[in-house]
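The whole structure should be built from the sequences, with the hints applied where relevant.
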Amino acid sequence: MSILDWFNKKEKPEQGIKKLDIPGDLWVKCYSCNSVLYLKDLVANSKVCLECQYHFRITPQERISYIFDHGSFTQNENQLKSIDFLNFSDTESYKKRLEKATKKSGSIDAFVSGKAMLSGQAVNVGIMDFSFMGGSMGSVVGESITRLIEMAIKNKLPLLIFTSSGGARMQEGILSLMQMAKTSAALSRLDSVGVPYISILCDPTTGGTSASFAMLGDIIMAEPGALIGFAGPRVIEQTIRQKLPKGFQRSEFLLEHGMIDMVVNRRELKDKLTLSVRLLSPKFSGKQGKR
Amino acid sequence: MSILDWFNKKEKPEQGIKKLDIPGDLWVKCYSCNSVLYLKDLVANSKVCLECQYHFRITPQERISYIFDHGSFTQNENQLKSIDFLNFSDTESYKKRLEKATKKSGSIDAFVSGKAMLSGQAVNVGIMDFSFMGGSMGSVVGESITRLIEMAIKNKLPLLIFTSSGGARMQEGILSLMQMAKTSAALSRLDSVGVPYISILCDPTTGGTSASFAMLGDIIMAEPGALIGFAGPRVIEQTIRQKLPKGFQRSEFLLEHGMIDMVVNRRELKDKLTLSVRLLSPKFSGKQGKR
Amino acid sequence: MIIKPLEFEKPIHDLYIKIDELKRLSQEGQVDLAQEIKKIETRAKTLKKEIFAHLTPQQILQIARHPNRPDSFSLANLICDDFIELHGDRHFRDDPSMIGGMGQIASHRVVIIGHQKGHDTKENIYRNFGMPHPEGYRKALRLMKLAEKFGLPIVTFIDTPGAYPGLGAEERGQSEAIARNLKEMTGIHVPIFSVVVGEGGSGGALGIGVANRIYMLEHSVYSVISPEGCASILFRDTDKADIAAEQLKLTAKDILELGVIDGIVKEPLGGGHHDWHCQAENIKKVILKDLASYKRKDTKEITEERYEKFRSFGKFMDESKTIKKGD
Amino acid sequence: MIIKPLEFEKPIHDLYIKIDELKRLSQEGQVDLAQEIKKIETRAKTLKKEIFAHLTPQQILQIARHPNRPDSFSLANLICDDFIELHGDRHFRDDPSMIGGMGQIASHRVVIIGHQKGHDTKENIYRNFGMPHPEGYRKALRLMKLAEKFGLPIVTFIDTPGAYPGLGAEERGQSEAIARNLKEMTGIHVPIFSVVVGEGGSGGALGIGVANRIYMLEHSVYSVISPEGCASILFRDTDKADIAAEQLKLTAKDILELGVIDGIVKEPLGGGHHDWHCQAENIKKVILKDLASYKRKDTKEITEERYEKFRSFGKFMDESKTIKKGD
Ligand SMILES: [Zn+2]
Ligand SMILES: [Zn+2]
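Protein chains in written order, with numbering that gives the first Met the number 0: chain D, 0 to 290; chain G, 0 to 290; chain U, 0 to 326; chain F, 0 to 326.
Treat the hints as calculated values from the structure; they're not laboratory data. In this text, a Cβ means the ideal position worked out from N, Cα and C, and glycines have one as well. Some clues are possibly wrong.
Within a straight-line C-alpha distance of at most 16 Å, the following computed EDC-like cross-link-like pairs (lysine to aspartate or glutamate) qualify [unchecked claim]: (1) U:Lys314 with D:Asp83; (2) D:Lys80 with U:Asp81; (3) U:Lys144 with F:Glu183; (4) D:Lys271 with F:Glu84; (5) F:Lys239 with G:Glu91; (6) G:Lys80 with F:Glu318; (7) D:Lys271 with F:Asp80; (8) G:Lys271 with U:Asp81; (9) G:Lys80 with F:Glu183; (10) U:Lys239 with D:Glu91; (11) D:Lys80 with U:Glu318; (12) F:Lys144 with U:Glu183; (13) D:Lys271 with F:Asp81; (14) U:Lys148 with G:Asp190; (15) G:Lys271 with U:Asp80; (16) F:Lys148 with D:Asp190; (17) G:Lys271 with U:Glu84; (18) F:Lys288 with F:Asp317; (19) U:Lys144 with G:Asp190.
Quick look at which bits of chain U chain G covers, simulated, 3 or more residues with Cβ under 8 Å [unchecked claim]: (20) 88–94; (21) 142–150.
DEER-style ranges, computed between Cβ atoms [as the list claims (entries may be wrong)]: (22) U:Tyr15 with D:Gln78: 54 to 64 Å; (23) D:Ala43 with F:Ile124: 36 to 46 Å; (24) G:Ala121 with U:Lys144: 22 to 32 Å.
Shown next as structure tokens:
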């Protein structure tokens, strides 16, 4: 099975790790090719299926460990917390949802940022956390991203942001929408100081996230098979009243349509990022990341 | 017959005025709708067919009389003459062709430029002459256009160029190709001084002319039904081995495809140009051209 | 022109029908019903005031989406002495759901850009119900750059259910087009004024809405998602759109309170769909005032102001001690 | 690898076949043919020199279009220590007939852009025979802007029969895309170096060719129109392509004489299609020299120089007395 096949096989592949009925949690099954994998091997392979190259969704912490120099990540100490300022309540109040999400993920919100070393080069890093309310962008996520960009403007170090988000956080109404403009505006300032920004699109990146900072990288990379688009597939299907073609809105589709620079297997991501940062950033003349 | 129909009727409508067998040259036949027209009426109508709105090809002198204030045009005194520097000879030598063209058209080459008044506003004007070797752009045309642009950079008056040209003048080899870059480079300088440039695409505008200054107007207008494109229809048909769809590469097609700002009937061209120049040019606050 | 009344407009509409009837009787039967008519007219006006003073978000949404609501192109023409439409993104297509052009408002030359809806089915199909494809946003950006080059202030009219969610739109980079606009608009050297004239739907609205001054018409809405979409996703029940409309806080009053807009533009009593000229006049007044006051501002002031405006959006608790808000 | 010889390469090819045969005989039959082999080798080399010293324009055209001629992507990879390909115009499509990316040549970081042909039918169909659509030119421009932003010099490799003359290409603005590039390249703040590595076909070639320094490989061509096209249009006889090739003055030597290029890059004897590494080395040397010397130039110098270069192109008689050449 080729790298490109897996998303054609299943329309909506289940994410995460499915545990098998074998005691000890040592074995897992790939959601794409159904291969049974030894968990240690899978982790050693950056949670990319060894059989079909399916990219499992991972936490920001896992991502940090796969990409950046060991122990080099220092998290930004933004103690920002979301507020339910609209008293928003659907099937559940926003306040409750926030509490639950925090409990479940252990994070305060859907964005982790800080500084890390990439093959010896200091960079600014932001990572969205899809497991926290679908990585949705409310005021806190928008503010954290903006502060990260401002940090890059100040320290002149390259900026990498890994996206995975369903879009704006509806529970914050119009102010969540405005985070799109806020983050994009900050990137316009980053432009003017000539600091490189690389965005890495991970599964899924849609809605307001996709239509703002995600698509504004000087270089845009995507993990294989990631869903990337403005409108979600379900909305489009409802609008056009037909099934979407296979592979629609996947990374490879975006590459073909000229929207991204490259689709990069997670296992090669570190090297590609290192090289890109080195070529865009005059300060980085180290050759540690050379292939 | 609507304005848009005429080019669908004939694939390659004959241009110019067809004289009828009636003595005195008072009557002509429209090539598009076959209506018999009184020549004086046709001229009074800016050589636009009174029945079908077909736009006859006209000379630079006619165009000047239709668009600019009476007697206001002063021609630039560039005494540039083309040279057959490659000793180019196909079925006839370039030298001979130049002589013939000059004799036939009374012009020295395929571009007329100067200053004129547009509803009381002084403007820089350039007009290509299709009757001189198909309006092809050699060194002289390229140099004249460049000098006109440089004049606009100096005198800060709006620039209008009416195009009609089959493209580069092959008989001047690589140097004719370079006129594309030369004229476009000059327009890049015009940009930086903020002088408005309006290009008006007339039938036909193809090849190197289309792929340089013609498509670089701050505002781009086109006369109805003008053939505008990079490759000529015959070349495309040979390449794709099929007939081109009706209306392909015509002004209206380009409008639909986002390439031009408007299709303007020759009889409304003066007003639209006046208004556009007024809105783009702070110096021009006169209201003479107001609709 | 008499317009099919909305549900809550019916009591008013009924009174006007009665007035018309009495007027006819007056003329035919030579009965003098002037006093009677005047009484009902007063009642109608009072009723109108009362009803329009207590509109629910759902009702406001209906007005904002009213088929007869003044469209951007008409407003541009009503506001300008001269308006000349410009077309095309220079890449792929001229998108009819986004209009743009140049015009003169009193002594001010401006570029006007706006989402364009239709007023009937045929027009709406042509205008794609005001839902732009990427080329619409690219055309808008092209015209903004034109405005910047020639120092013309920009006015944008927001009126869209959202950017179009379709195959071609995704293929041609709807996300890229909107993102690009958000970023580029930040740096545009001329002042930008935006008015939500009808429906301000999500990223598709914001895509031409990064402005120095933002206004909403009295009965317009601005929302991160349509109430229907919100109901379907969060409430898992499309019938709950009414509740979603309340929760989302999408009316002009709400948005003003949230600090996102600078003011509310009055509509004629009964809503802009009954009087386009009056509506255009009200908008013109606001825009003219801004045009005059921004004439004195320089490029840096203009771009800084716009940046700071959007930089400030967001409500959250900041418990950090060491890190301060960046500039 | 033995490549199918061109017609005029056959005499050389025949000698090499003989040499191979003699070598085989030497090994098998234990006969010492070393002297004989050496003699033929010398003869082959002499013959090669002689033939390649007197190539007709039509023969040079054949080499320039040779299916095994080194392509832009391979050259980029051979010249750079690291080359990372970048994709897409961010509007419509990634055009495989135009490649681009970043790389490092010795200590210099550069952006490389080039037309991309294939070496067999399958590749050529994928690469559209090196004929870009508008999105190819837009991708090139995007990468040039990226280079400008980060201060990377730009190297372009020209190798195209021309921009593609097809329906989609016209619909999406082939003219606009090329015109835009000509204008934008004029103002790019970083130095641009172009090398015609194969076929420099018309506006489609020039669309990435507005450079500070322009070179041609020894057996490349650069022309306003293909000889075939010229023959068809001017001679009204497609069989007259040979004559057209002569008339058009499209060889490196001719173009250098006309003052359009700054130098000719040597090919390995027998043509670049026989030795990609040597070809890449020769190009690298020239580029490296330029990269070093342009490091000292500032933005103004770089753009002025490029402007003046193109401003000067053209041969004509100037009989004017009052008007002088503008600056
Ligand atoms: Zn698998
Ligand atoms: Zn007619």
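Here is how each hint holds up against the structure:
1. U:Lys314 with D:Asp83: holds (9 Å)
2. D:Lys80 with U:Asp81: violated (51 Å)
3. U:Lys144 with F:Glu183: holds (15 Å)
4. D:Lys271 with F:Glu84: holds (10 Å)
5. F:Lys239 with G:Glu91: holds (14 Å)
6. G:Lys80 with F:Glu318: At roughly 8 Å apart (the allowed maximum being 16 Å), Glu318 of chain F and Lys80 of chain G satisfy the hint.
7. D:Lys271 with F:Asp80: holds (14 Å)
8. G:Lys271 with U:Asp81: Since the Cα atoms of Lys271 of chain G and Asp81 of chain U sit roughly 11 Å apart, the hinted pair holds (cutoff 16 Å).
9. G:Lys80 with F:Glu183: Roughly 30 Å between the alpha carbons, so the hint for Lys80 of chain G and Glu183 of chain F is violated.
10. U:Lys239 with D:Glu91: holds (14 Å)
11. D:Lys80 with U:Glu318: Judged against 16 Å, a Cα distance of about 8 Å means the pair holds.
12. F:Lys144 with U:Glu183: holds (15 Å)
13. D:Lys271 with F:Asp81: It holds: about 11 Å lies between the C-alpha atoms, which stays within 16 Å.
14. U:Lys148 with G:Asp190: holds (8 Å)
15. G:Lys271 with U:Asp80: Measuring from Cα to Cα gives roughly 14 Å; hence the hint holds.
16. F:Lys148 with D:Asp190: holds (8 Å)
17. G:Lys271 with U:Glu84: Within the cut-off at roughly 10 Å; holds.
18. F:Lys288 with F:Asp317: violated (37 Å)
19. U:Lys144 with G:Asp190: Measuring from Cα to Cα gives roughly 12 Å; hence the hint holds.
20. 88–94: Contact hint for the region 88–94 of chain U vs chain G: holds, 7 residues under 8 Å.
21. 142–150: Coverage by chain G holds for the region 142–150 of chain U (4 residues, Cβ < 8 Å).
22. U:Tyr15 with D:Gln78: 54 to 64 Å: holds (59 Å)
23. D:Ala43 with F:Ile124: 36 to 46 Å: With a Cβ separation near 41 Å, Ala43 of chain D and Ile124 of chain F satisfy 36 to 46 Å, so the hint holds.
24. G:Ala121 with U:Lys144: 22 to 32 Å: holds (27 Å)
The earlier numbered hints that this structure contradicts are 2, 9, 18.
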